[in-house]
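There are 4 protein chains.
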Amino acid sequence: MRNEFSWSVRVYYEDTDAGGIVFYANYLKFFERARTECLRALGINQLQMTEKYRTIFVVKATSVEYHAPARLDDELRVTVLVKEKSRASITFLQEAWCVDRLLSRAEVKVCCVDLDAWKAVAIPPEVLKLVTMFSLEAG
Amino acid sequence: MRNEFSWSVRVYYEDTDAGGIVFYANYLKFFERARTECLRALGINQLQMTEKYRTIFVVKATSVEYHAPARLDDELRVTVLVKEKSRASITFLQEAWCVDRLLSRAEVKVCCVDLDAWKAVAIPPEVLKLVTMFSLEAG
Amino acid sequence: MRNEFSWSVRVYYEDTDAGGIVFYANYLKFFERARTECLRALGINQLQMTEKYRTIFVVKATSVEYHAPARLDDELRVTVLVKEKSRASITFLQEAWCVDRLLSRAEVKVCCVDLDAWKAVAIPPEVLKLVTMFSLEAG
Amino acid sequence: MRNEFSWSVRVYYEDTDAGGIVFYANYLKFFERARTECLRALGINQLQMTEKYRTIFVVKATSVEYHAPARLDDELRVTVLVKEKSRASITFLQEAWCVDRLLSRAEVKVCCVDLDAWKAVAIPPEVLKLVTMFSLEAG
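Chains as they are written, first to last, in my numbering: chain A, 5 to 143; chain B, 5 to 143; chain C, 5 to 143; chain D, 5 to 143.
Since the hints were derived computationally from the structure, they do not count as laboratory data.
Possibly wrong hints are sitting among the right ones.
The list makes no distinction among identical chains, and a pair is therefore deemed to hold if it is satisfied within one copy or across any two copies.
[Claimed, not checked] Pairs of lysine to aspartate or glutamate residues, derived as EDC-like cross-links and limited to a Cα-Cα distance of at most 16 Å, are as follows:
#	residue 1	residue 2
1	Lys-33	Glu-111
2	Lys-64	Glu-111
3	Lys-133	Asp-104
4	Lys-33	Glu-18
5	Lys-56	Asp-118
6	Lys-133	Glu-41
7	Lys-133	Glu-18
8	Lys-33	Glu-88
9	Lys-33	Asp-104
10	Lys-56	Glu-130
11	Lys-133	Glu-88
12	Lys-133	Asp-77
13	Lys-87	Asp-118
14	Lys-113	Asp-78
15	Lys-87	Asp-77
16	Lys-64	Asp-118
17	Lys-87	Glu-8
18	Lys-64	Asp-104
Make a model of the complete structure from these sequences and hints.
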């Protein structure tokens, strides 16, 4: 069993392209919305985090596979799971589902960066709750 | 004769929606690209402007009519013309054309704002060149 | 009293720009999400509508005023109200609020178009429920 | 020496986010613009291709590393190189540069799909010019 967080995303015209399906780059937006809501569900507000620690999360790498297309009006279930964690970075495993069909699977690596020096720094302790609650090992 | 600035914009998948045409909100992006390039053509860089005067241009109102759709791969000609000018704001009249077909016509009102106080302030003198060169009255 | 529909929209990084606020063109997306959800709340699915009547709603004109900026993590309340109705078109009056602060007010005119002939046609009867339920006169 | 195609992309407000830099998902748009212009430079129009062969290119996988941020007004050089080719798919190696600084490197795998059956089919012969002209082996 995987103890993953999931968030619902509705597809609007703004998300689609002339192929009649969701524009592939937009899945990165959906995945980020789910990560943000996962933090919010743990009581973490990214702006307050930034003010308190002078740090920001920066996306360092994304890797996305597209399995099936989503269409206008589809309701997607977007999941969040911590795959790996180091001192300054977290790699998420994320999926987008429409009912029981896997549309897309991604790995997103974010790095915690000092706002002033723009250098990698340790992840704030509050965020580590994420790792304990929603990780492959925790399941 | 109108002494307008014009800028070429190509339509990619990212600009279209499931209706097979350019998503209407994206014309605001095209119009902004043309305004930015109009300033650049006059030797004005918005970032340098902001650093020098601590001011920024903020869009206060937009009004867009959609006459005909643009499609993937279309090359649009987007025009810029100053319609009105006050101490702190400029209203642009802009159009998007595909060959000889008018796709969209807009009015965009931008206001010069002080970055610190976030209040309307006088437009930097360099930008007034815009008004003399590309305005309805100047034609 | 106004009998308006309202829909909640959260601001993510994807919605903001380098000014630190929501990019003005993105309010058009927020307004469309609210119109779509308003139809859905009345049991209307736009795709089914299109299949049944071979019609589609096309945005003909938008007019937006920007009063105050929204920022990352803000939760906006976006409203929908029918202002005017003709045989083939509806003009919506829409607003975006953050708590008790009006951020943006817009008028959006949509036209019902025949998919094959791409000509204005009468609005499907189901959609007229919108007009009776959420209009300035109905309040 | 690598025989790559390159295309210039300017950064506008629409491309940035509240971090003051280009929103990471938007690099996928920049990479697609460059691929499209690479095809156009070879005399290939994707819409005509679709009409002639009833095929379309679908993005199957993307993998992007982010090395340094781009900012408002930056002019990026986006490159296109064919890394691998099979009967129905092409994997591109793409980079985004700002002057001599590498901002992002990506692999994008596109698959040629039959519009009616939505199944992988052989790449149209015209497109194979791409492979001979702009590939790692060709350099």
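Hint check:
no.	hint	verdict
1	Lys-33 - Glu-111	within (13 Å within a copy, 19 Å between copies)
2	Lys-64 - Glu-111	both (11 Å within a copy, 15 Å between copies)
3	Lys-133 - Asp-104	neither (29 Å within a copy, 33 Å between copies)
4	Lys-33 - Glu-18	both (12 Å within a copy, 7 Å between copies)
5	Lys-56 - Asp-118	within (12 Å within a copy, 27 Å between copies)
6	Lys-133 - Glu-41	within (14 Å within a copy, 34 Å between copies)
7	Lys-133 - Glu-18	neither (34 Å within a copy, 25 Å between copies)
8	Lys-33 - Glu-88	neither (21 Å within a copy, 28 Å between copies)
9	Lys-33 - Asp-104	neither (21 Å within a copy, 28 Å between copies)
10	Lys-56 - Glu-130	within (11 Å within a copy, 40 Å between copies)
11	Lys-133 - Glu-88	within (14 Å within a copy, 41 Å between copies)
12	Lys-133 - Asp-77	neither (34 Å within a copy, 20 Å between copies)
13	Lys-87 - Asp-118	neither (23 Å within a copy, 36 Å between copies)
14	Lys-113 - Asp-78	neither (27 Å within a copy, 25 Å between copies)
15	Lys-87 - Asp-77	neither (30 Å within a copy, 25 Å between copies)
16	Lys-64 - Asp-118	within (14 Å within a copy, 34 Å between copies)
17	Lys-87 - Glu-8	within (11 Å within a copy, 35 Å between copies)
18	Lys-64 - Asp-104	neither (30 Å within a copy, 20 Å between copies)
Consistency with the previously given hints fails for numbers 3, 7, 8, 9, 12, 13, 14, 15, 18, ordered from lowest to highest.
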